[in-house]
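Chemist: Residue strings, one per chain:
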Amino acid sequence: MSIWVNKKSKVLVQGITGSAGQYHAVACKEYGTRVVAGVTPGKGGQEIQGTPIFNTVHDAVKKTGADVSLIFVPAGFAADAILEASDAGIGLVICITEGIPVSDMILVKRALENRKVRLIGPNCPGLITPGEAKIGIMPGLIHKKGPVGLVSRSGTLTYEAVYQLTQLGLGQTTCVGIGGDPVSGTNFIDCLEAFEADPETKAIVMIGEIGGSAEEEAAEFVQKKMKKTVVGFIAGQTAPPGKRMGHAGAIIDGGSGKASDKIAKMKSCGLIVAESPATIAETLKRYLS
Amino acid sequence: MKIHEYQGKELLRAFGVTVPQGFLAVTVDVTLQEAERLSFPMVVKAQIHAGGRGKGGGVRLVKNKAELQEAAKSILGMQLVTHQTGPEGKKVKKIWVEQACDIARELYLGVVLDRSRSRLAFMASLEGGMEIEEVAHKNPEKIFKVWVDPAVGLQSYQARDLAFALALSGNQIKNFVVFAQGIYAAYIGMDASLMEINPLVVTKSGDLLALDAKVNLDDNALFRHPEFKELLDPEEEDPTELEAQAHNLNYVRLNGNIGCMVNGAGLAMATMDIIKFCGGWPANFLDVGGGVTPESVTEGFKIILRDKNVKAIFVNIFGGIVKCDMVADGIIKAAKELGIRVPVVVRLLGNRAEEGATLLNGSGLSLTAENDFTKAAQKVVSLAKGK
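Residue numbers (the working numbering), protein chains in the order written: chain A, 57 to 345; chain B, -16 to 370.
I should point out that these hints are in silico values taken from the structure, not numbers from a laboratory. Here the structure is a predicted model, which is why all the values come from computation and not from measurement. There's no promise every hint is true.
As the list claims (entries may be wrong) - In silico lysine-lysine, BS3-like type, Cα no more than 25 Å apart, as pairs:
# : chain 1 : residue 1 : chain 2 : residue 2
1 : B       : Lys294    : A       : Lys299
2 : B       : Lys306    : A       : Lys200
3 : A       : Lys299    : B       : Lys306
What the hints assert, rightly or not - Far from chain B, by Cβ distances over 10 Å, these chain A residues were calculated:
#  : residue
4  : Arg166
5  : Lys258
6  : Phe277
7  : Phe289
8  : Ala306
9  : Lys323
10 : Gly326
11 : Val329
12 : Leu344
13 : Ser345
Claimed, not checked - Simulated restraints on C-beta separations:
#  : chain 1 : residue 1 : chain 2 : residue 2 : range
14 : A       : Ser269    : B       : Glu213    : 33 to 41 Å
15 : B       : Ala352    : A       : Thr112    : 48 to 56 Å
16 : A       : Glu331    : B       : Glu337    : 29 to 37 Å
17 : A       : Ser269    : B       : Ala134    : 19 to 27 Å
18 : A       : Ser324    : B       : Lys212    : 51 to 59 Å
19 : A       : Thr112    : B       : Glu213    : 36 to 44 Å
20 : B       : Glu210    : A       : Glu249    : 52 to 60 Å
21 : B       : Glu71     : A       : Lys258    : 50 to 58 Å
Cβ atoms here follow ideal geometry from the backbone N, Cα and C, with glycine treated the same way.
Extracted from the complex, chain A is given alone in its bound form (with noise of 0.2 Å):
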């Protein structure tokens, strides 16, 4: 088992023309993912490296019956991107794009209510099921099928977090990244929730950054409502307050939003917080033996 995708997903990828695009479909594919269609507008009809391409979403799900959407289109069009495959029926929509207007996300989070789709990002990896499926940007290599769930704000620090588990022997079901943004699709709540569901899924590492009280709505979820343990932890310790650290969405504002904040409520709820980003995967196979 897993959450949200497996080798059954069927992706198409819109704007697989563009380098990023193309360069991580083919990256996708080696993975073993079944990435069965392209969308670029006005490209209809060619193919590149074997993979169909289709102007619309709407084409590409009636001929391949996609049911997973991978966006790799720039910024200023990637609204329309989300929306136009949420409209086309997709249930997944798995957004990498960084820099995205946050009106823009506003307006799109609006439209989404009520609709039968998970948004993931933007500005975000992706997420693997290790051994099914890879879609997004991260490297397939370092990880490894297992019974950690994880979930993350950050892309690289992600990749170090699952590397030290797979070294450790601990491999993951799925591995989620929400992304760095201020509005953005699935939070941490909605991933904790699915890996809770998860039978296979036995322990998670929840990864945060500074900025917003993310972090602290999921620690108290999973004081509330969660059984399974929880390792997390917290990068920006060191960060000056004011100052956007590289995510649109990693800045102390006005006195909130600090890491030392979100570790002391993670902790007053229960989850295990790792003192140092190298020991990850240490803390939680303490907790797990």
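We have chain A already, so just place chain B on it with the hints.
Modeler: Same frame as chain A, now just chain B:
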């Protein structure tokens, strides 16, 4: 992106928000000339990107020409220190002079993104002139909020709710609705990321005026507002951070002595954190991003080394999109071009890490390769201490 008060006011005026009449000046002569258009009393306000200007002596009420001249002379060129500038303060190069008004009441109106609801929140408070964080801390019951449904925008009834909570009455209610809707239109129209009118004043004649305006713009949306490029004041930015941006590097200066070069924002923060955990302190945040090239690695080293406090450098790359051998190539080029004067600890993992290690080993450079995260951090901390 942060902009000046005078720029914020000019933008707001274009959206129908009422702001005082005024002008910008950079010399005392121009100040006196332009002042002919207004009448006394006037307010002279230092234009720097920091709050608390009044307390620091950067805002003066003047009643006649002599006072205006004196105020302009003393504020222009002063080193203004506020709680947001740091002890060194900021040099004032521009002043905004505006018509003073008869203030009956000072209120607060702000628009922020409520991240947990994914909606904009309008916040109003009776404590105009005070920082909203302070009010939130001391008197949270004095802050009133409404959340905007983006499908329909700020509704009149929502603005009225705030107006009644602020104890406005009569025509002031209607004025407030127009004012708040102007603010919303401006926020959306210019893709702002924060707007604060503090204070929003009610004049003795019952008019509403934005006496101050703090406007931040969404960096992600600047591509659809090319005209905003002119609003950037390079004097207000850290020159090194601007230069880094020009090379697609994300750099933030900090006050430690260990330079960091990392790919990805989360790992870059975690790298800073582990340095602290091991007893050191980072000199910077630097995310080279997914589009890194050997040239941008070299630029990154240049930028890190410009900080004279840097005693050692930690390169931590986890290759996903990024290829480690390309980063290694950049490190070698940088070392040859710049003659790196401090010890460097390199950790390369993921995509093409072995190829990267081979390149570094064959380069003849005295770098420390260490792939264990903790050991690499310990090593760089002890090197920075001269051990």
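Chemist: Let me make sure I understand: some of the numbered hints might not hold for this structure. Which ones are they, in numerical order?
Modeler: 3, 4, 7, 8, 18 and 20
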